[in-house]
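Start from the sequences, fold in the hints, and give me the full structure.
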Amino acid sequence: MPKSKSRIFEKWNSGLIISALLIVILAASFQTLRRAWFRVTNNFFYPYVEVPAQGKYAAADESSRLYSKNELAAKITKLETANRIFASKVARFGELTVENEKLRTLLKLPKRSDCNYIAAEIIIRDPLFWKEGFTVNRGTDDGVIAGTPVLCFNPQYPGQVILAGVVKEAARRSARVMSVLDPRFRISAYFESADTHGIINGDSRQTLIPDEINISFLSKQSKFTPGEKCFTSGFEHQIPGGFLIGSLKQLNSKDQVFSTQLYLSGKIIPAAPLDSLNFVVLAITKNYRLL
Amino acid sequence: MLYLYMLLVMLILFWLQLLLGCLALHVPLCIAGIFYISVAYSWRYGIFWAVLAGFSLDLVYDREFLMTTVSFLPAVLFAEYRLRRDAVRLRNCVPAGAVIALLGIIPVWAYKIITYPAYTVTIFQNLLPATIFAVCLNALFLPFLVMVLDETGEKIKLPQFTKAGKRLIEERLQYN
Chain A
1 MPKSKSRIFE KWNSGLIISA LLIVILAASF QTLRRAWFRV TNNFFYPYVE
51 VPAQGKYAAA DESSRLYSKN ELAAKITKLE TANRIFASKV ARFGELTVEN
101 EKLRTLLKLP KRSDCNYIAA EIIIRDPLFW KEGFTVNRGT DDGVIAGTPV
151 LCFNPQYPGQ VILAGVVKEA ARRSARVMSV LDPRFRISAY FESADTHGII
201 NGDSRQTLIP DEINISFLSK QSKFTPGEKC FTSGFEHQIP GGFLIGSLKQ
251 LNSKDQVFST QLYLSGKIIP AAPLDSLNFV VLAITKNYRL L
Chain B
292 MLYLYMLLVM LILFWLQLLL GCLALHVPLC IAGIFYISVA YSWRYGIFWA
342 VLAGFSLDLV YDREFLMTTV SFLPAVLFAE YRLRRDAVRL RNCVPAGAVI
392 ALLGIIPVWA YKIITYPAYT VTIFQNLLPA TIFAVCLNAL FLPFLVMVLD
442 ETGEKIKLPQ FTKAGKRLIE ERLQYN
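If you read the protein sequences in the order shown, they are chains A and B. The opening residue of the first sequence carries number 1 in our numbering; numbering runs sequentially from there. The opening residue of the second sequence carries number 292 in our numbering; numbering runs sequentially from there.
FYI, nobody ran anything at the bench for these hints, they're computed from the structure. All C-beta atoms, glycine included, are put in the ideal place defined by N, C-alpha and C. Be aware that a few hints might be false.
[Unchecked claim] Pairs of lysine to any residue residues, derived as SDA-like cross-links and limited to a Cα-Cα distance of at most 20 Å, are as follows:
{"#": "1", "chain 1": "A", "residue 1": "Lys11", "chain 2": "B", "residue 2": "Trp334"}
{"#": "2", "chain 1": "A", "residue 1": "Lys56", "chain 2": "B", "residue 2": "Leu302"}
{"#": "3", "chain 1": "A", "residue 1": "Lys56", "chain 2": "B", "residue 2": "Leu314"}
{"#": "4", "chain 1": "A", "residue 1": "Lys223", "chain 2": "A", "residue 2": "Leu251"}
{"#": "5", "chain 1": "A", "residue 1": "Lys56", "chain 2": "B", "residue 2": "Met438"}
{"#": "6", "chain 1": "A", "residue 1": "Lys229", "chain 2": "A", "residue 2": "Ser247"}
{"#": "7", "chain 1": "A", "residue 1": "Lys267", "chain 2": "B", "residue 2": "Val412"}
{"#": "8", "chain 1": "A", "residue 1": "Lys267", "chain 2": "B", "residue 2": "Leu459"}
{"#": "9", "chain 1": "B", "residue 1": "Lys457", "chain 2": "B", "residue 2": "Glu445"}
{"#": "10", "chain 1": "A", "residue 1": "Lys249", "chain 2": "A", "residue 2": "Ser188"}
{"#": "11", "chain 1": "A", "residue 1": "Lys249", "chain 2": "A", "residue 2": "Ile200"}
{"#": "12", "chain 1": "A", "residue 1": "Lys11", "chain 2": "B", "residue 2": "Thr406"}
{"#": "13", "chain 1": "A", "residue 1": "Lys11", "chain 2": "B", "residue 2": "Ala315"}
{"#": "14", "chain 1": "A", "residue 1": "Lys220", "chain 2": "A", "residue 2": "Tyr190"}
{"#": "15", "chain 1": "A", "residue 1": "Lys11", "chain 2": "B", "residue 2": "Leu459"}
{"#": "16", "chain 1": "A", "residue 1": "Lys249", "chain 2": "B", "residue 2": "Tyr407"}
{"#": "17", "chain 1": "A", "residue 1": "Lys56", "chain 2": "B", "residue 2": "Leu464"}
{"#": "18", "chain 1": "A", "residue 1": "Lys267", "chain 2": "B", "residue 2": "Thr411"}
{"#": "19", "chain 1": "A", "residue 1": "Lys223", "chain 2": "A", "residue 2": "Ser265"}
{"#": "20", "chain 1": "A", "residue 1": "Lys11", "chain 2": "B", "residue 2": "Leu464"}
{"#": "21", "chain 1": "B", "residue 1": "Lys454", "chain 2": "B", "residue 2": "Met438"}
[What the hints assert, rightly or not] Looking from chain A toward chain B, a few residues come up when the C-beta cut is under 8 Å (computed):
{"#": "22", "residue": "Ala53"}
{"#": "23", "residue": "Arg125"}
{"#": "24", "residue": "Leu128"}
{"#": "25", "residue": "Arg176"}
[Claimed, not checked] Take a look, some chain A residues computed to stay more than 10 Å from chain B by CB distance:
{"#": "26", "residue": "Ile17"}
{"#": "27", "residue": "Tyr117"}
{"#": "28", "residue": "Asp141"}
{"#": "29", "residue": "Lys168"}
Quick look at the structure:
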């Protein structure tokens, strides 16, 4: 083989070996690096990570600068007229009523001696895993720790505080949230009417359905009705009981009498409007118990 | 200069992808940047940026199994294939843009099909619109990106995408 060709092969080989080694090392240390990288990016590079969200708002706010003074004055007059019309129609606008309801629910959050509430904004969300999780702009500086419950409101469930997920990892000024639809989300749940407990995603053999939550280890003695509300049980050391998770869609075992299963399992429709969630409330436990 | 330029391009594309992602739009801009770098500069730079950008996206989005990194690496291979086939003209970028967008989303399909094996129809319903959108947009975006970066590259005297064939011949002559 000519010398130059063998040199090319050597270069290719060494390049490929180095690349393969790099990939293997990255794959092996992925979990550790993920944690480290999350801390680094979210602590030191937080302003840059927040740039996309801030850019969105800045672009929306600054668009008015493109107009001249006269145009702006005309626009203000026009808007004032429109405003008066809107004011008269406010009673008929369902959306405003819904938003009003949301804000009222926020204000009427049941006061608990064991936790404080802080509002947070969603800053990063994966478009391909939209409902599985998100990152919020509150972190350990605000008292957020891993396991902190993330709450929201849904006009379909007026007056109910809904569990949207739990904090998976917390950095100084941001935290990553695992939503109730994440297959790794695992907490105990309580059915009020049936007066029984179950475990969300407790049985890994259960088939996962998109947009539905698995619940298992439900008592066979209890009677369940479809649509029954499912709440947090309060067994977790950071998640207080009584937050709505969703409503029962169906039980998996139809023939309960002749079934050999010791427990029942079922599907829950989440109450949290994960599609359109922009703001959430974090419940910071004051004196969390250490396990 | 080249390194700084690549860093700037990739940073802008990375943040743009995050920004559009916050609006629930999956636009694979980083993969287009990696494709450009692989063709215009070298596949070695392509692999470096594929690993770095893919890894960063995986970590920012908290994705499993290095999904994005895995999807970026075939784009480098595809870029080298296109370069060797001498398909680096501007009009060739339209199908290439569509293909790399598809390459970028295939691991997500695979992951979802493995996670929810019994509900392929629902996965189709959820992912098909995002896939079509990404493919169409990237087919239009890649030629635009090539145009913009080639124009800038020409001004600052850097290798260009549309002249990559010439670079490849020069490299071969140098090795032989």
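Results for each hint:
no.: 1; hint: Lys11/A with Trp334/B; result: 13 Å, holds
no.: 2; hint: Lys56/A with Leu302/B; result: 17 Å, holds
no.: 3; hint: Lys56/A with Leu314/B; result: 9 Å, holds
no.: 4; hint: Lys223/A with Leu251/A; result: 11 Å, holds
no.: 5; hint: Lys56/A with Met438/B; result: 26 Å, violated
no.: 6; hint: Lys229/A with Ser247/A; result: 4 Å, holds
no.: 7; hint: Lys267/A with Val412/B; result: 18 Å, holds
no.: 8; hint: Lys267/A with Leu459/B; result: 57 Å, violated
no.: 9; hint: Lys457/B with Glu445/B; result: 15 Å, holds
no.: 10; hint: Lys249/A with Ser188/A; result: 17 Å, holds
no.: 11; hint: Lys249/A with Ile200/A; result: 14 Å, holds
no.: 12; hint: Lys11/A with Thr406/B; result: 40 Å, violated
no.: 13; hint: Lys11/A with Ala315/B; result: 43 Å, violated
no.: 14; hint: Lys220/A with Tyr190/A; result: 14 Å, holds
no.: 15; hint: Lys11/A with Leu459/B; result: 16 Å, holds
no.: 16; hint: Lys249/A with Tyr407/B; result: 18 Å, holds
no.: 17; hint: Lys56/A with Leu464/B; result: 49 Å, violated
no.: 18; hint: Lys267/A with Thr411/B; result: 18 Å, holds
no.: 19; hint: Lys223/A with Ser265/A; result: 13 Å, holds
no.: 20; hint: Lys11/A with Leu464/B; result: 16 Å, holds
no.: 21; hint: Lys454/B with Met438/B; result: 12 Å, holds
no.: 22; hint: Ala53; result: 6 Å, holds
no.: 23; hint: Arg125; result: 6 Å, holds
no.: 24; hint: Leu128; result: 5 Å, holds
no.: 25; hint: Arg176; result: 6 Å, holds
no.: 26; hint: Ile17; result: 13 Å, holds
no.: 27; hint: Tyr117; result: 24 Å, holds
no.: 28; hint: Asp141; result: 20 Å, holds
no.: 29; hint: Lys168; result: 8 Å, violated
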